[in-house]
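Chains as they are written, first to last, in this note's numbering: chain A, 1 to 203; chain B, 1 to 203; chain C, 1 to 203.
It is worth saying that the hints were derived from the structure and are not from the lab. Please note that the accuracy of each hint is not assured.
[As the list claims (entries may be wrong)] Here chain C is said to cover these stretches of chain B; the calculated rule only asks that three of the stretch's residues, wherever they fall, bring their Cβ under 8 angstroms from a Cβ of chain C:
(1) 23 to 31
(2) 55 to 62
(3) 100 to 110
(4) 190 to 200
Every residue gets a Cβ at the ideal spot worked out from N, C-alpha and C, and that includes glycine.
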Amino acid sequence: MDRLTATLTVLDYAAVAVFGATGALAAARRKHDIVTFGFFAAVTGVGGGTLRDLLIGAPVFWVHTNATLIICIAAALLVWITSRHWFAGKALLWFDAAGLGAYATYGAAKALAFGVAPVPAFVMGVLTACAGGIIRDVLAGEPSILMRPELYVTAAALASGLLVGLTLLGAPGALTVGLAAIAGFTLRGLAISRGLSLPAYKD
Amino acid sequence: MDRLTATLTVLDYAAVAVFGATGALAAARRKHDIVTFGFFAAVTGVGGGTLRDLLIGAPVFWVHTNATLIICIAAALLVWITSRHWFAGKALLWFDAAGLGAYATYGAAKALAFGVAPVPAFVMGVLTACAGGIIRDVLAGEPSILMRPELYVTAAALASGLLVGLTLLGAPGALTVGLAAIAGFTLRGLAISRGLSLPAYKD
Amino acid sequence: MDRLTATLTVLDYAAVAVFGATGALAAARRKHDIVTFGFFAAVTGVGGGTLRDLLIGAPVFWVHTNATLIICIAAALLVWITSRHWFAGKALLWFDAAGLGAYATYGAAKALAFGVAPVPAFVMGVLTACAGGIIRDVLAGEPSILMRPELYVTAAALASGLLVGLTLLGAPGALTVGLAAIAGFTLRGLAISRGLSLPAYKD
Numbered sequence: 001m002d003r004l005t006a007t008l009t010v011l012d013y014a015a016v017a018v019f020g021a022t023g024a025l026a027a028a029r030r031k032h033d034i035v036t037f038g039f040f041a042a043v044t045g046v047g048g049g050t051l052r053d054l055l056i057g058a059p060v061f062w063v064h065t066n067a068t069l070i071i072c073i074a075a076a077l078l079v080w081i082t083s084r085h086w087f088a089g090k091a092l093l094w095f096d097a098a099g100l101g102a103y104a105t106y107g108a109a110k111a112l113a114f115g116v117a118p119v120p121a122f123v124m125g126v127l128t129a130c131a132g133g134i135i136r137d138v139l140a141g142e143p144s145i146l147m148r149p150e151l152y153v154t155a156a157a158l159a160s161g162l163l164v165g166l167t168l169l170g171a172p173g174a175l176t177v178g179l180a181a182i183a184g185f186t187l188r189g190l191a192i193s194r195g196l197s198l199p200a201y202k203d
Numbered sequence: 001m002d003r004l005t006a007t008l009t010v011l012d013y014a015a016v017a018v019f020g021a022t023g024a025l026a027a028a029r030r031k032h033d034i035v036t037f038g039f040f041a042a043v044t045g046v047g048g049g050t051l052r053d054l055l056i057g058a059p060v061f062w063v064h065t066n067a068t069l070i071i072c073i074a075a076a077l078l079v080w081i082t083s084r085h086w087f088a089g090k091a092l093l094w095f096d097a098a099g100l101g102a103y104a105t106y107g108a109a110k111a112l113a114f115g116v117a118p119v120p121a122f123v124m125g126v127l128t129a130c131a132g133g134i135i136r137d138v139l140a141g142e143p144s145i146l147m148r149p150e151l152y153v154t155a156a157a158l159a160s161g162l163l164v165g166l167t168l169l170g171a172p173g174a175l176t177v178g179l180a181a182i183a184g185f186t187l188r189g190l191a192i193s194r195g196l197s198l199p200a201y202k203d
Numbered sequence: 001m002d003r004l005t006a007t008l009t010v011l012d013y014a015a016v017a018v019f020g021a022t023g024a025l026a027a028a029r030r031k032h033d034i035v036t037f038g039f040f041a042a043v044t045g046v047g048g049g050t051l052r053d054l055l056i057g058a059p060v061f062w063v064h065t066n067a068t069l070i071i072c073i074a075a076a077l078l079v080w081i082t083s084r085h086w087f088a089g090k091a092l093l094w095f096d097a098a099g100l101g102a103y104a105t106y107g108a109a110k111a112l113a114f115g116v117a118p119v120p121a122f123v124m125g126v127l128t129a130c131a132g133g134i135i136r137d138v139l140a141g142e143p144s145i146l147m148r149p150e151l152y153v154t155a156a157a158l159a160s161g162l163l164v165g166l167t168l169l170g171a172p173g174a175l176t177v178g179l180a181a182i183a184g185f186t187l188r189g190l191a192i193s194r195g196l197s198l199p200a201y202k203d
């Protein structure tokens, strides 16, 4: 279990870095200055987890440590000093997919650990993975990930739903976490590589 | 008083359902998938009450129960399986007006019960009724209800203001709740049926 | 120190009034009614401090007093009854600059007083000064201050960074507060008067 906790911590920081980089890239696309890079990196990196912690009544996870925000600022600097074209290809999309699966899983697990009911815990997983990107898109004035046809929220919902469902069924923690994160990553990966999407509403 | 509580609970769930349906309709207008329907239904259904609870320091009302979010998801499914044209007429507008009056009244009463000062309690009533719809419109990239000329926030303000004012004057609870909710509903109804609006600012 | 507290309180209310007025002006530009004026004044006046208090786990500063919201409503009425052209010149920009410096300083100091770690405390100062205006711009559908090339967030970051840095170095409180607020105001003033900006990102 200690190993599980360590793995989750590493995934947590990795997801903050990846989401932070996507925030800095949104600033790069619009040719902003370095302070705005940092602002977008921080909002995107910690936005989802912040909303989760406020809703479940937990202390906000980045308020009593310097590390999380320093990771966001480092991600912003990295995007600033390298060409954004390094990141414009599929590599970042795949990192983001890994962050999505890890964060949805982690968010749902943290909510359950705080005594949240199953359906809200499932929603917390989705919010943890998606809210940072949604806030980034609203602030940048771009159409949000909610508005794009390919699977994004759905992949987060799969990971979060599996975590909550398997935990309710009494499955072992490490197995549940692993399965949920991999399933979310895989579904998002299929959306990236094959344009997989759900049927849209028809009148 | 128990009867009052029961009435308020029914109104609360009904308002969540109606606001949730308006969120799903925003997703329908843009031809989204079922997951996005659910996301918009949840954000719109619980958004206003969530903001109120965070601000007054109450546990967020939908976090320790499954029922509220299930109602939102059911509203999303209902919009999905029926034609959205069923909802496009005036019927939903009138339900929404009832939800507006009930939610503004309920929000202000909950804030007073938590020891919030009168002016902020009045604002909590307005936020409870309006914030879900505002978040929905921002996420959907539509002009928000704040931007439309007809009375919406004003109707919520009337209900919330009456609840706080009559409570301060010592009026009986059931009478106050009834009067406030009906006044808000009526004013919103006049805006729907007769296009009633306040004078706009002129330079 | 009592004098410092009194000064901070005056600055706090002054900043709420000034930010509230900028919110009402956003409503005036779009020719809204008086209720929407009040809504925008309140959201802009208290938005940044509200976010800060939620994040650091403090009671939201305007919830247990009537004064703060009454100031916002008074600012909205003042903009309504006077011509908005009175405010359209540079005067309001300069008041806003003073509010920016004061609020960034105050926000960072409050966060440190609540035991927040230095890097997050720095971010709280920036958020306190900037978030109200960002929310105002998102709700009004205008390009946010984040998107404008001139220094705004950077001036808040200077004030907040100086407050946190000098406090960590053990400098006396009154000196630290004064220096930080004046530095933020001055930098924002240079942005207003000379169009000072940071270099933008280049591909």
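Hint check against the structure, violated hint numbers in rising order: 1 and 3
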